[in-house]
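Given next are the chains, with one letter for each unit.
Number of protein chains: 2
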Amino acid sequence: MTAIEYIQQNIDSLNWQRNPRGLYEPIEYTLQAGGKRLRPALAIMASDLFDGDRQKVLPAALALEIFHNFTLLHDDVMDNASIRRGRPTVHVRWNENTAILSGDQMLIEAYKLLSQVKPDRLPEVLYLFNKMATEICEGQQYDVEFENRDDVSLDDYLMMIRLKTSVLLATSLQIGALIAGAGQTAQLALYQYGINLGLAFQLQDDLLDVYGNPQTFGKAIGGDILCAKKTYLLLTAMLKADPQQKQQLSLLLADHSISDQQKIHAVTDIYNQLSVRQACEEVVKKYTLLALAELDKIPVSEEKKLILINLAQKLLARKE
Amino acid sequence: MTAIEYIQQNIDSLNWQRNPRGLYEPIEYTLQAGGKRLRPALAIMASDLFDGDRQKVLPAALALEIFHNFTLLHDDVMDNASIRRGRPTVHVRWNENTAILSGDQMLIEAYKLLSQVKPDRLPEVLYLFNKMATEICEGQQYDVEFENRDDVSLDDYLMMIRLKTSVLLATSLQIGALIAGAGQTAQLALYQYGINLGLAFQLQDDLLDVYGNPQTFGKAIGGDILCAKKTYLLLTAMLKADPQQKQQLSLLLADHSISDQQKIHAVTDIYNQLSVRQACEEVVKKYTLLALAELDKIPVSEEKKLILINLAQKLLARKE
Numbered sequence: 304m305t306a307i308e309y310i311q312q313n314i315d316s317l318n319w320q321r322n323p324r325g326l327y328e329p330i331e332y333t334l335q336a337g338g339k340r341l342r343p344a345l346a347i348m349a350s351d352l353f354d355g356d357r358q359k360v361l362p363a364a365l366a367l368e369i370f371h372n373f374t375l376l377h378d379d380v381m382d383n384a385s386i387r388r389g390r391p392t393v394h395v396r397w398n399e400n401t402a403i404l405s406g407d408q409m410l411i412e413a414y415k416l417l418s419q420v421k422p423d424r425l426p427e428v429l430y431l432f433n434k435m436a437t438e439i440c441e442g443q444q445y446d447v448e449f450e451n452r453d454d455v456s457l458d459d460y461l462m463m464i465r466l467k468t469s470v471l472l473a474t475s476l477q478i479g480a481l482i483a484g485a486g487q488t489a490q491l492a493l494y495q496y497g498i499n500l501g502l503a504f505q506l507q508d509d510l511l512d513v514y515g516n517p518q519t520f521g522k523a524i525g526g527d528i529l530c531a532k533k534t535y536l537l538l539t540a541m542l543k544a545d546p547q548q549k550q551q552l553s554l555l556l557a558d559h560s561i562s563d564q565q566k567i568h569a570v571t572d573i574y575n576q577l578s579v580r581q582a583c584e585e586v587v588k589k590y591t592l593l594a595l596a597e598l599d600k601i602p603v604s605e606e607k608k609l610i611l612i613n614l615a616q617k618l619l620a621r622k623e
Numbered sequence: 304m305t306a307i308e309y310i311q312q313n314i315d316s317l318n319w320q321r322n323p324r325g326l327y328e329p330i331e332y333t334l335q336a337g338g339k340r341l342r343p344a345l346a347i348m349a350s351d352l353f354d355g356d357r358q359k360v361l362p363a364a365l366a367l368e369i370f371h372n373f374t375l376l377h378d379d380v381m382d383n384a385s386i387r388r389g390r391p392t393v394h395v396r397w398n399e400n401t402a403i404l405s406g407d408q409m410l411i412e413a414y415k416l417l418s419q420v421k422p423d424r425l426p427e428v429l430y431l432f433n434k435m436a437t438e439i440c441e442g443q444q445y446d447v448e449f450e451n452r453d454d455v456s457l458d459d460y461l462m463m464i465r466l467k468t469s470v471l472l473a474t475s476l477q478i479g480a481l482i483a484g485a486g487q488t489a490q491l492a493l494y495q496y497g498i499n500l501g502l503a504f505q506l507q508d509d510l511l512d513v514y515g516n517p518q519t520f521g522k523a524i525g526g527d528i529l530c531a532k533k534t535y536l537l538l539t540a541m542l543k544a545d546p547q548q549k550q551q552l553s554l555l556l557a558d559h560s561i562s563d564q565q566k567i568h569a570v571t572d573i574y575n576q577l578s579v580r581q582a583c584e585e586v587v588k589k590y591t592l593l594a595l596a597e598l599d600k601i602p603v604s605e606e607k608k609l610i611l612i613n614l615a616q617k618l619l620a621r622k623e
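If you read the protein sequences in the order shown, they are chains A and B. Using my numbering, you'd call the opening residue of the first sequence number 304 and step up by one each time. Using my numbering, you'd call the opening residue of the second sequence number 304 and step up by one each time.
Don't take each hint at face value.
Unchecked claim - In silico DSBU-like cross-links for lysine-lysine, where the CA-CA straight-line distance does not exceed 35 angstroms:
1. K543/B / K421/B
2. K339/B / K566/B
3. K549/B / K600/B
4. K588/B / K421/A
5. K434/A / K339/B
6. K359/A / K543/B
7. K421/A / K589/B
8. K600/A / K434/A
9. K421/A / K421/B
10. K600/A / K600/B
11. K543/B / K608/B
12. K549/B / K533/B
13. K339/B / K359/A
As the list claims (entries may be wrong) - The calculated label-pair distances, taken between Cβ atoms and stated as ranges, are:
14. Q564/B / C530/A: 36 to 42 angstroms
15. Y430/A / P391/B: 52 to 58 angstroms
16. A531/B / I307/A: 46 to 52 angstroms
No lab work stands behind these hints, which were simulated from the structure alone. Where is the CB? At the ideal position from N, CA and C, for every residue including glycine.
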């Protein structure tokens with residue numbers, strides 16, 4: 304069974320038939336909405352590398368997935384997002400208070416699963432998990448603050464997406480390896496693989512938001528442009544632009560008199576003049592290669608690493 | 304040093320000077336607002352009973368206080384409360400998103416402290432903490448649901464306040480005793496002492512909300528009446544009332560044409576006709592005595608128990 308099938312099966316068999324229903328129903332709704340199950344699958348894949356017992360990693364893997372969904376639930380409240388995975392978000396389907404409280408309970412459920420980790424590994428696993436959870440909150444806070452700051456650098460942006468996206472992938476891999484009994488070198492290599500993979504993944508997302516195929520990309524094209532999000536593309540454009548282009552770009556992003564399509568088209572036009580796409584593609588490639596290089600440090604056969612190699616290459620090539 | 308002084312000193316020395324400030328400042332603000340520090344003090348008192356090392360209990364005690372403040376922070380958002388301990392609530396001073404995110408981080412901070420518990424006790428402490436945290440979320444959910452239900456019984460209400468208030472006091476005591484090496488019987492007796500103390504405490508709060516001295520009671524008198532909260536007093540009144548009084552009470556509570564003072568006066572008048580005050584005083588006394596009886600099961604000297612005996616008697620006699 305693949306790691307993802309194994310995880311999916313076990314998420315489906317979690318039992319949320321508890322009272323009060325108003326607390327647990329939104330949790331069930333959130334966890335049944337699907338999603339890639341990437342984080343728990345990474346924990347299992349990391350364990351598989353070392354022939355670990357999947358059942359030993361399972362509680363921590365499920366904790367990572369529930370934690371991830373908790374962050375989405377609360378982020379959706381904060382971002383006032385109304386759709387998630389094709390369905391109304393919890394605060395829309397129920398209300399904001401429900402989203403806050405059921406989200407809190409999901410975080411507690413994650414810790415409940417986590418405490419099922421065998422006692423000899425428990426303190427280390429808790430330490431890694433808590434560090435990651437803190438960094439994700441910090442990343443979310445930076446993301447919010449960057450909206451109102453005019454001095455966000457490319458490094459600031461990379462730091463923010465590292466916190467908001469990468470550390471969860473990295474920690475999932477490290478926890479899987481740790482529980483399977485991997486040594487410190489292998490654990491850290493997997494962590495760094497996850498960090499670089501996460502950066503490549505998020506930057507590819509930024510790219511697809513502008514250059515994706517509307518037919519295959521999950522969301523509407525141009526969303527980041529319309530909300531003037533300081534993505535890698537916009538920050539790079541601002542760096543490369545001459546004073547005139549810079550002013551043009553700023554005016555365009557703040558312009559409420561033109562249509563969405565006009566705005567997306569005009570901004571993309573400037574991006575094209577500045578070869579922003581190529582710059583971003585290069586950096587996606589750079590982080591993908593850095594991720595792959597980390598795998599060389601792990602003392603297991605190439606055959607076993609194939610799934611992680613393929614994952615990185617698939618991310619690089621993805622169009623949606 | 305008293306347990307409360309010991310706790311206060313250690314809360315003051317927690318360091319929140321971390322970045323991003325927007326995430327940690329509201330946490331510092333919340334924890335510096337004061338409060339009784341009752342929960343961590345109970346953990347220390349329980350440990351003192353068994354001559355436990357206070358430093359060993361400290362991380363868990365601080366975790367319990369931070370957890371308690373996390374629940375207040377998110378409850379204040381859900382209840383749209385604007386004042387807490389004489390200062391603007393976090394969502395008023397900053398905004399709702401900050402209250403959600405800094406609250407989430409407080410819950411994570413609680414778990415960080417908790418994982419400093421010595422590994423041999425860690426799984427048990429985590430189990431008790433997680434069970435308690437779940438029950439508190441369940442209690443909050445019932446509290447919200449009861450607002451829109453017309454069939455809330457006295458037992459329902461007692462179940463709700465047990466979850467929302469008692470289990471945190473009870474678990475604080477049990478965790479303190481557990482870490483200090485107390486046996487199962489003593490742990491459970493302290494847990495039950497905490498459950499009964501919490502019920503007595505909340506019911507006394509319900510009483511003071513109507514019959515407290517406005518000069519010494521912390522909040523305005525009659526708040527529960529104005530929001531028609533289904534407290535022990537109102538539920539008892541509804542049970543004791545004849546059909547005419549029942550209708551009178553329902554109409555009064557829903558009446559928006561009279562002044563707050565008129566409403567409070569008229570409802571209190573019906574409570575007096577029905578001797579609701581005496582009924583509630585009796586049940587406060589009952590739970591206080593049940594709490595005290597639990598202390599008899601603990602195999603330590605009466606002298607050592609004195610602080611817990613006094614605490615229960617002080618709660619019973621309190622006027623604010």
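Against the structure, the hints come out as follows:
| no. | hint | verdict |
| --- | --- | --- |
| 1 | K543/B / K421/B | violated, 52 angstroms |
| 2 | K339/B / K566/B | holds, 32 angstroms |
| 3 | K549/B / K600/B | violated, 43 angstroms |
| 4 | K588/B / K421/A | violated, 45 angstroms |
| 5 | K434/A / K339/B | holds, 30 angstroms |
| 6 | K359/A / K543/B | violated, 57 angstroms |
| 7 | K421/A / K589/B | violated, 43 angstroms |
| 8 | K600/A / K434/A | holds, 24 angstroms |
| 9 | K421/A / K421/B | holds, 15 angstroms |
| 10 | K600/A / K600/B | violated, 59 angstroms |
| 11 | K543/B / K608/B | violated, 39 angstroms |
| 12 | K549/B / K533/B | holds, 14 angstroms |
| 13 | K339/B / K359/A | violated, 42 angstroms |
| 14 | Q564/B / C530/A: 36 to 42 angstroms | violated, 49 angstroms |
| 15 | Y430/A / P391/B: 52 to 58 angstroms | violated, 35 angstroms |
| 16 | A531/B / I307/A: 46 to 52 angstroms | holds, 51 angstroms |
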